[in-house]
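Just so you know, we're using our numbering here: the sequence shown kicks off at 2 and counts up by one.
Hint data in this document are derived by calculation from the structure and do not stem from the laboratory.
Built from N, CA and C at the ideal position, the CB exists for glycine as well.
Ranges between beta-carbon positions, derived for each pair:
id, residue 1, residue 2, range
1, T71, K246, 49 to 59 Å
2, E146, A121, 28 to 38 Å
3, L110, N17, 28 to 38 Å
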Amino acid sequence: MNQIDSIGYDAVHQSNFRYDIPEGFHNYIIVVTTTPALFYIDGEVAEYPAYSAILYPPGRKIWYGASEETYGNHWMQFSCEESFVTHFPLQGIPFTISDPEYIRRLFQLLTWEQSPDLIAQLIRVLFNKLHDELSTGQVSAHDHELLALRRQISTNPGDDWNVARMAEELHMSSGYLQSLYKQQFDISCMEDVIAFRIQKAKDYLTYTTLSISEIAELCGYRNTEHFCRQFRANAGFSPGTYRKKPDRIS
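Using the sequences and the hints, build the whole thing.
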């Protein structure tokens, strides 16, 4: 049995919008955001990017809301006993979608449709699409952005990199960026920055006669002692010792 109790698409709310149902509903609710949004997951409130989807099963706490000046979403509260819903592989956790316009059109059709048979077919199509999104990997929509960011870091490691700046460039929260970056490259954002800085410092030490303090500044360090400590921790030698080693590998 497929029954829609309430549904909407292209909903827009103000910055104070919060949807809080501590005990959840007796049926399912699917939400797809069109703006960045806050979700309460595993005891914490975290920001997720626009075009995040979440399926709340019956009885699951529901809490989401605006993280910016406006909040937008498509949503549907419905009953369904089909396995593609009851056994959906990710419930109560947001995941990104890569084809938001297709999802929007499905919500639009579901809002307009009156035929129970066609509604059942559209719900099946919607969840097949969402299942495909999960199968292709949750970070696929951000792959190119993360790769572009990493190229920027590798090209200019001496810039004033920090997590907040990176997150702002990709229009996502700091926590979400760090999670995606670690999943994509198996290293944290700032560990990667340090690795690229140390590699750049090795190149300077190998191919120039610049002083240690000059190299530290070019590699993004305001404090030469901090640079020397970090270089030793990563390279196993002080910058001066590394420069003198005949068998150094840059």
